[in-house]
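Protein chains: 2
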Amino acid sequence: MQRALSVSRVTGNRGTFPDWYQAVVREADMAEVSPTRGAMIIKPWGYGVWERIQQTLDRRIRETGHDNCYFPLFIPLGFFAKEAEHVEGFAKEMAVVTHHRLKLIDGKLQPDPEAKLEEPLIVRPTSETIIGDAFSRWIRSHRDLPLLVNQWANVVRWEMRTRLFLRTSEFLWQEGHTAHADAEDARAETLKILEMYREFAETVLAMPVIAGEKPENERFPGADNTFSIEAMMQDGKALQAGTSHYLGTSFAQAQNIRFQDDAGQLSYCHTTSWGVSTRLIGGVIMTHGDDDGLRLPPAIAPRQIVIVPMLRDKPEDAQVLEYGQALVKALQERFALGEPIRALLDTKAQRSADKRWNWVRRGAPIIVELGPRDAAGGQVTFMRRDRLRDGDKVQSQAMTREAFLEAAPALLAEIQQALYDEAKARLDGNIRSDIVTFDELAEYFGAPVDEDEGGAFKGWVRAAWSRPTGAELDAVEERLKALKLTLRNAPMDQPQTCGTCLFTGKPGVEEILIGRAY
Amino acid sequence: MQRALSVSRVTGNRGTFPDWYQAVVREADMAEVSPTRGAMIIKPWGYGVWERIQQTLDRRIRETGHDNCYFPLFIPLGFFAKEAEHVEGFAKEMAVVTHHRLKLIDGKLQPDPEAKLEEPLIVRPTSETIIGDAFSRWIRSHRDLPLLVNQWANVVRWEMRTRLFLRTSEFLWQEGHTAHADAEDARAETLKILEMYREFAETVLAMPVIAGEKPENERFPGADNTFSIEAMMQDGKALQAGTSHYLGTSFAQAQNIRFQDDAGQLSYCHTTSWGVSTRLIGGVIMTHGDDDGLRLPPAIAPRQIVIVPMLRDKPEDAQVLEYGQALVKALQERFALGEPIRALLDTKAQRSADKRWNWVRRGAPIIVELGPRDAAGGQVTFMRRDRLRDGDKVQSQAMTREAFLEAAPALLAEIQQALYDEAKARLDGNIRSDIVTFDELAEYFGAPVDEDEGGAFKGWVRAAWSRPTGAELDAVEERLKALKLTLRNAPMDQPQTCGTCLFTGKPGVEEILIGRAY
Ligand SMILES: [Zn+2]
Ligand SMILES: [Zn+2]
Chain A
1 MQRALSVSRV TGNRGTFPDW YQAVVREADM AEVSPTRGAM IIKPWGYGVW ERIQQTLDRR
61 IRETGHDNCY FPLFIPLGFF AKEAEHVEGF AKEMAVVTHH RLKLIDGKLQ PDPEAKLEEP
121 LIVRPTSETI IGDAFSRWIR SHRDLPLLVN QWANVVRWEM RTRLFLRTSE FLWQEGHTAH
181 ADAEDARAET LKILEMYREF AETVLAMPVI AGEKPENERF PGADNTFSIE AMMQDGKALQ
241 AGTSHYLGTS FAQAQNIRFQ DDAGQLSYCH TTSWGVSTRL IGGVIMTHGD DDGLRLPPAI
301 APRQIVIVPM LRDKPEDAQV LEYGQALVKA LQERFALGEP IRALLDTKAQ RSADKRWNWV
361 RRGAPIIVEL GPRDAAGGQV TFMRRDRLRD GDKVQSQAMT REAFLEAAPA LLAEIQQALY
421 DEAKARLDGN IRSDIVTFDE LAEYFGAPVD EDEGGAFKGW VRAAWSRPTG AELDAVEERL
481 KALKLTLRNA PMDQPQTCGT CLFTGKPGVE EILIGRAY
Chain B
519 MQRALSVSRV TGNRGTFPDW YQAVVREADM AEVSPTRGAM IIKPWGYGVW ERIQQTLDRR
579 IRETGHDNCY FPLFIPLGFF AKEAEHVEGF AKEMAVVTHH RLKLIDGKLQ PDPEAKLEEP
639 LIVRPTSETI IGDAFSRWIR SHRDLPLLVN QWANVVRWEM RTRLFLRTSE FLWQEGHTAH
699 ADAEDARAET LKILEMYREF AETVLAMPVI AGEKPENERF PGADNTFSIE AMMQDGKALQ
759 AGTSHYLGTS FAQAQNIRFQ DDAGQLSYCH TTSWGVSTRL IGGVIMTHGD DDGLRLPPAI
819 APRQIVIVPM LRDKPEDAQV LEYGQALVKA LQERFALGEP IRALLDTKAQ RSADKRWNWV
879 RRGAPIIVEL GPRDAAGGQV TFMRRDRLRD GDKVQSQAMT REAFLEAAPA LLAEIQQALY
939 DEAKARLDGN IRSDIVTFDE LAEYFGAPVD EDEGGAFKGW VRAAWSRPTG AELDAVEERL
999 KALKLTLRNA PMDQPQTCGT CLFTGKPGVE EILIGRAY
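Chains as they are written, first to last, in my numbering: chain A, 1 to 518; chain B, 519 to 1036.
For the record, the hints were derived by calculation from the structure and aren't laboratory data.
There may be inaccurate statements among the hints.
Claimed, not checked - The calculated lysine-lysine pairs, modelled on PhoX-like cross-linking and capped at a C-alpha distance of 20 Å, are: (1) B/K600 / A/K108; (2) B/K873 / A/K103; (3) B/K1024 / A/K82; (4) A/K82 / B/K621; (5) B/K1002 / B/K1024; (6) B/K634 / A/K108; (7) B/K610 / A/K116; (8) B/K634 / A/K116; (9) A/K116 / B/K626.
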């Protein structure tokens, strides 16, 4: 089993995994806590990763036929009340706008009582209701279907206990919303998106995931089926990294989304929704980070190759800078992973050793240090961030300029693959399928530990279950909760036959993943 | 003088300019009014234009050294109270979040009194205060300066009377925020951005503008100087299309943004802010639209060349489609205006004549109609949207496939230029500089007309003024207001000497633009 990470180099002392995470977010200059309770400030390097996620995923969303739109931030309260399960699921975490003006009263600026809204507005926690309302106007006939839209937006779900990227009151995401003529079309869409997310997470984020269906108790409020991709973090916990929901006709009924078929008959549409968020950035950090900070997969690194010139306030500095500029230019003309290489010459006024370590902590995939000897000799000396050290010693290698330019695309592709392979081995090696009773499960995971205290790395258990529902499922949930465990998903990839249910002793109908989770 | 547009073809009857605008927004499928009062739904074609604006402007913002970040949507009320002019300027239009939970009380879902926030949160109308707070933490020494950030975000300013794109309670924008060591650096930034906006508006939007400084009474709340670009719409009114503010040290003092210079002395930073918004889309519509709907400059058209296959449910349809697909592919491999050509084969199940008119109304720059004869003969028959008609007659032209592929990049560049030239001639031809007294001004503009009633096209007046301030300026503003006129800006480009002030009779110190405005 993979040990929990030590945190010595990033945090200055050994600590828990949450300490390490917080230190990496800070030292990699990704984000910081904001003075607005529960929200975050995403700094340039963190936002650059989000922009890379947006660009690469947006391309996939378009290629599968979806159009980007923008819908209002504020949703009238009455819209939520139409779908009972949906509002129940979100009511406890909604930010409510009640006034549209401030006024100085008794020397203090406060909401103007005369500008109180007749109906409060909800800051969107998700947009099924307001988009469904538009769908009810846009859809007339079978020819308008499927209707496939997506939006990139901010959403707000009030959180009491927040952690940067993983759980914040405001976050950024994309939300896809589609309407179809029948269940078959809508289910196919739900699974197509699930597969899109899986491929995206594995190819772009180098983050292996298991795609599967969430159990009934973990469904999106109002959904018939919820599917997810689940990734294993370096502390063994699961991170739900994306979800895709088949909503049946419940939202269509609540909002009167109907179409006329060729026979002139009116029917309710079947709808879907799906999303991924800035939470993915937390997943990338906890999948690829190491003792020295972040390691970014080249596909999402805002800068893939960073060149640090070693300047000494001497005449030969000019030659080093010139050599560095030419190298950046030559790199930018080459392609890696299907796009022009993103190279940077870091000319900031700072000690070059500090710059190097900043880029190590930020996880730039390749860091080049250029000195006068490199410039004079036509050499390039560089470090691969994915294999920075041999033991404790930092490793670098040298090549001629021509050889480096030639090798750069393959090197970046190799780093992308190496990060994936490392994470894939961790995932595959840490799912136990030999645990078949609840007692064994309890014994394996041991007493629950406070999540801030670390604890031994455990991974997940994959076990047969009888897919209980209702009260029987509630009981399962309670027993797991006592161990701080949750049901993650029933993987799409299932065996032909199945053992006995770990919870009920009945014959199992499928296998399900169990683990601790974010 | 240019006549006001007739609206016959888009609206079905003659109407006013606002009627025409509304019809174009609807018929071009750009946006619609949302059920959330004052907000809009931006539909795929409208959002596609915004994405083009984002991509092309973002490139310019990066190239001038700015980094993208993301700051919280909600700003604690107390942050606004720190800068008196600023809060006064925005307090009347702020959306206020007061609760973080809903509860079912007496069978009705409402804000939970137990979840009332101690301090209300303001939905950002602009982010100087929360970004300034971050700057106060991020800036320590002269080496941290200049600090140059930008964000793409949604903002909310409560509006009672809204119009799609031009004035909505929620809109999308970019806001740049920078901090500098001295006034000189900050002023240079303010003007650099003003020039960036001018170049962007003219090159990308094909919308000629006049860059200049706003008079004191039109400054951003809290700013020392506000500069704008002003564009002339086809009804003669001015649209403020972008602003750039030099904020002096007032925000830095309110938020304690200080740096240590080399001598160890602490000084306040000089800050700037600047932005453009989805309002630009309204400007594009009112600059380039015509009787048939929208005309989009190729640089921002989501699709530059749209191919409508004329299908007849006959065997030769397959040949037409195949020919069309090959044509799209060949176009996409070519570059126009520095980017791959954005071509589309419209295979939607709809009558081809309807499709053609939809693309005319949406303003696709080149519309190709492909029939069996084109496919058989290797021909391409197309319409240029910028010169759709000769008199009332729709014009099309035919070329061989090879000639069309060869000509396409130049054709798109020519359309971009033609739209600019047409708008530039209108701007240049409709600024009167021979009006030198207030009586002449009043006579020229005539009695104020209700903006929904059209009225004759008037353009602007450019006149010398003595740059009055305080009460004297208030008086000028009042006199203009009675004529529904406003001071737009004092153009950057000023003559050596200046006449007598149109308002005060004193010697003029600069020339200023006067007009009706959005
Ligand atoms: Zn169907
Ligand atoms: Zn300076």
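How the hints compare with the structure:
With a C-alpha separation of about 12 Å, the suggested pairing of B/K600 with A/K108 holds against the 20 Å cut-off. With a C-alpha separation of about 52 Å, the suggested pair B/K873 and A/K103 falls outside the 20 Å cut-off, and the hint is violated. The suggested pairing of B/K1024 with A/K82 is violated, with an alpha-carbon distance near 66 Å, which exceeds 20 Å. Annotation: proposed proximity of A/K82 to B/K621 holds, straight-line Cα distance about 15 Å (limit 20 Å).
With a C-alpha separation of about 24 Å, the suggested pairing of B/K1002 with B/K1024 is violated against the 20 Å cut-off. With a C-alpha separation of about 18 Å, the suggested pairing of B/K634 with A/K108 holds against the 20 Å cut-off. Proximity of B/K610 to A/K116 is assessed by CA-CA distance (about 12 Å); at most 20 Å being required, the pair is judged to hold. Of the pairs offered as hints, the one joining B/K634 and A/K116 holds, with about 15 Å between alpha carbons and a cut-off of 20 Å not exceeded.
In summary, the hint linking A/K116 to B/K626 is supported, as the alpha carbons are separated by about 18 Å, within the 20 Å threshold.
Hints 2, 3, 5, counting from the list given before, are not met by this structure.
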